[in-house]
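The residues making up each chain are set out below.
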Amino acid sequence: MSRKLLLDNLDKPGIQSITGYSDNGGYEALRKALQMKPEEIVSEVQKSGLRGRGGAGFPTGMKWSFIAKPEGVPRYLVCNADESEPGTFKDRYLMEHKPHILIEGMIISSFALGANTSYIYIRGEMMYVFHILQKAIDEAYAAGYLGKNILGSGFNLDLHVHCGAGAYICGEETALIESLEGKRGNPRIKPPFPAVKGLWGCPTVVNNVETIAAVVPIIKITGEEYAKIGIGKSTGTKLISASGHINKPGVYEIELGVPVEEFIYSDAYCGGIKNGKQLKAVVAGGSSVPVLPAHLILKTAAGEPRLMTYESLADGGFATGTMLGSGGFIVMDEDTSVVKNLWTFAHFYNHESCGQCSPCREGTGWMYRILNKILNGKGEMKDIDLLWNIQGNIEGKTICPLGDAAAWPVASSIRHFRSEFEAYINNHGMKDVKHYYRLNNLQEA
Amino acid sequence: MPKVTIDGHTIEVPEGTTILEAARKIGGDIVPPTMCYYSKLKTSGGYCRTCLVKVSKGSEKDPRPMPKPVASCRQTVMDGMEVQNITSPEILDARAGVVEFLLINHPLDCPVCDQAGECNLQDLSYEHGHEVSRLDFRKRTFPMIDIGDKIKLHMNRCIMCYRCVKVAEQLCPERVHGVLNRGWDSEISTYIEQAVDNEWSGNMIDVCPVGALTDKTFRFKSRVWFTKPVDAHRDCPTCSGKVVLWYQGEEVLRVTGRKDQWGEVDEFICNECRFDKKKTSDWVIEGPRHIDRHSVISQNHYEELKKTEAGFITSEKLGEKAHN
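Protein chains in written order, with my numbering: chain A, 1 to 445; chain B, 446 to 769.
Bear in mind the hints are in silico, worked out from the structure with no lab data behind them. Worth double-checking, as some hints may not be accurate.
Stated by the list, open to error - Below, simulated DSSO-like cross-link-like pairs (lysine-lysine); rule was C-alpha separation at most 27 Å, straight line:
(1) A:K183 to B:K611
(2) B:K487 to B:K595
(3) A:K340 to A:K277
(4) B:K597 to B:K673
(5) B:K502 to A:K197
(6) B:K499 to B:K448
(7) B:K595 to B:K485
(8) B:K502 to A:K190
(9) A:K190 to B:K487
(10) B:K513 to A:K190
(11) B:K722 to B:K485
(12) A:K37 to A:K228
(13) A:K135 to A:K12
(14) B:K584 to A:K382
(15) B:K499 to A:K197
(16) B:K584 to A:K378
(17) B:K513 to A:K233
(18) A:K190 to B:K611
(19) B:K499 to A:K190
(20) A:K69 to B:K506
(21) B:K661 to B:K485
(22) B:K448 to B:K487
(23) A:K190 to B:K470
(24) B:K487 to A:K183
(25) B:K666 to B:K723
(26) A:K32 to A:K228
(27) B:K595 to B:K661
(28) A:K69 to A:K190
(29) A:K197 to B:K513
(30) B:K597 to B:K722
Kindly produce the complete structure, drawing on both the sequences and the hints.
Have a look at this one:
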């Protein structure tokens, strides 16, 4: 079993409240951090090798060091809790069970960045978590961890939790900032980057919930200790939200570097495929990353065992690899239809595109309609090539990564499961399952 | 001053210039086409993606190429930057893809559209588009609405360039005009179809690259190429009063701002000049207006252009195109 840095003490009574959290070592890291200089905290995070847990995997310490520090201009830290990626539910779990680790992380990070006002932007659908966080913030104010002169250090911080209105696009950092400013949540065109011009035009850092929470153990055990966990540039622990056809779906904290095979089949984690079936495919990091068939997710194209790290999962590029992404691990068994799964994703991206730039606005809707047509038994062979062509015209040509996120699942599904698309088209789609069985001389299950 | 090379042409431009503006200074057919960028409107650009270019060398300091195509209307130049536009096959492909995206939901009702003949989307699809549509679904449709008594919004034709939104923001601050819904279903609208009168609102018609916003005093009066443009001015207390009068016979059918070679007006004009002054006696006539090479308004009487040193598209080439 892996070492637990974020999800430790979950079984302790009252861990959700400030007393339960403090009794189990909570807010010790904050006391330690307030004795340090802000630059020391940044360098500690740099030493830890912590990478953004929201999906892109950008080194957090480096991101922090980019923040502009003009005189007399406030800086902001914004926590991105707009977790809406299909298959990812790690942040919600963490905030539900240990809200104070996020609050503590926010205070330490704000201190390191010199931010006196910070925000947690939470997804609109998670209203109950909003209330949990608000209660935790109230408790922290009462205990003197927030407000003026925190623990006598002279550092002031106001922490607000803001509830979004339920748009996936607001998880993109600049759209999140727009939304937080009270505008329509459209991504901004970069440059300028938020580190220079973010919230209200001031330097801003936007970090994922898990990234900010991970700052707490880094301060506790030092950056060097933290960097010893994991393999290579993938350091520390990562929350993986496992779902799909597995015996034990849920949120797992793993040390980066666990083999994928062990993660799927070991009883410590997913516990194998449900009902003794075979593994067909895995979406390793949330709906946006490429889907991989069983043989490529367990082993790389070169035959090496694949590990749960940023590098190993990306091995082989998009031809044979995928991404760790936000850690939304979706497992599909042999009876799952990749085409139907893709339709679900395409439906999602069609619904969530903000409509600002042409390739994404038109392309997501177009791909969704073509998949609709295929599933309804009206597909033609040329539609597969058309889908391939459309995703290529979207990828890399949009303002924000939503276009890429919509294109990659389509590309990978066609790349690895083209025959399945052809079968749908030849056998008149989903509606005519009986016809399919008759054509293939199969017994209906 | 930073030096930038676009398709082999090097130019020195002031700090903070965008790739697009640098290309426009060079001129010719290396200038990326634009649908949403409008130099007179702040924060415009970046949405349509037709002006994508490839940055094959970031700068002298950091020569790495940029990983993705960039919107040339928003990306500023760096010293030593090298840009590929028409010399990059990927960019031409990407642009054709973008044009296709812009067209899949466009009704292609040019024969009944007032914009035909001076429509940026027509020009763009003629130069960069595919010949056939690959969309076999119903196009999205919206009801037509009136934005005030002088402007018609034909949302079906809209390509969501956000230019009119910027006009509303920057020229008509009291006007509640923006985007409703999102993604495939997003649409331009005023708040509950409410129109707020503003003396600059008519500029939305001029900035609209397609026929989505049309002048109700001109709708269905004439095809633009049957009208004769004439430069004129008047002493206007609100705007500069420098306009183009579009004549049919002795009658002024419409009044617009003066558009430059990039299709952008030189100066915004007020609604009084645009909608209410339609008599020759209201104006001081300056003379016939020069019509740009791509326009059908001159009805095939293309003017002889001088061959540029770099050998860009010349009138001879255009003549060939027209005859073939």
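Query - K584 of chain B paired with K382 of chain A [C-alpha distance capped at 27 Å] - result: 20 Å, holds
**Report entry** Given pair status - K233 of chain A, K513 of chain B, alpha carbons within 27 Å
**Finding:** The hint holds at about 24 Å.
Query - 27 Å Cα cutoff - pair K502 of chain B, K190 of chain A - result: 18 Å, holds
Report task. Sort out whether K485 of chain B lies within 27 Å of K722 of chain B, counting only the CA atoms. Result -> 24 Å, holds
Report task. Quickly compare the C-alpha distance for K487 of chain B and K595 of chain B to 27 Å and report which way the hint goes. Result -> 25 Å, holds
Query raised in the report: Between K595 of chain B and K661 of chain B, is the straight-line Cα distance small enough, at 27 Å or below?
Result: Roughly 5 Å between the alpha carbons, so the hint for K595 of chain B and K661 of chain B holds.
**Report entry** 27 Å Cα cutoff - pair K183 of chain A, K611 of chain B
**Finding:** 14 Å, holds
**Report entry** Given pair status - K277 of chain A, K340 of chain A, alpha carbons within 27 Å
**Finding:** Answer holds: K340 of chain A to K277 of chain A is near 19 Å, not above 27 Å.
Query raised in the report: Given the proposed pairing of K69 of chain A with K506 of chain B, does the C-alpha separation stay at or below 27 Å?
Result: 23 Å, holds
**Report entry** Holds or violated: K499 of chain B to K190 of chain A, with C-alpha atoms at most 27 Å apart
**Finding:** The given pair, whose Cα atoms are some 16 Å apart, holds under the 27 Å limit.
Report task. Would you check the hint for K135 of chain A and K12 of chain A, treating anything up to 27 Å between C-alpha atoms as holding? Result -> 19 Å, holds
Query raised in the report: When you check the alpha-carbon spacing of K190 of chain A and K487 of chain B, does it fall within 27 Å?
Result: Holds: K190 of chain A and K487 of chain B sit about 15 Å apart, inside 27 Å.
Hint compliance for this structure: no hint is broken.
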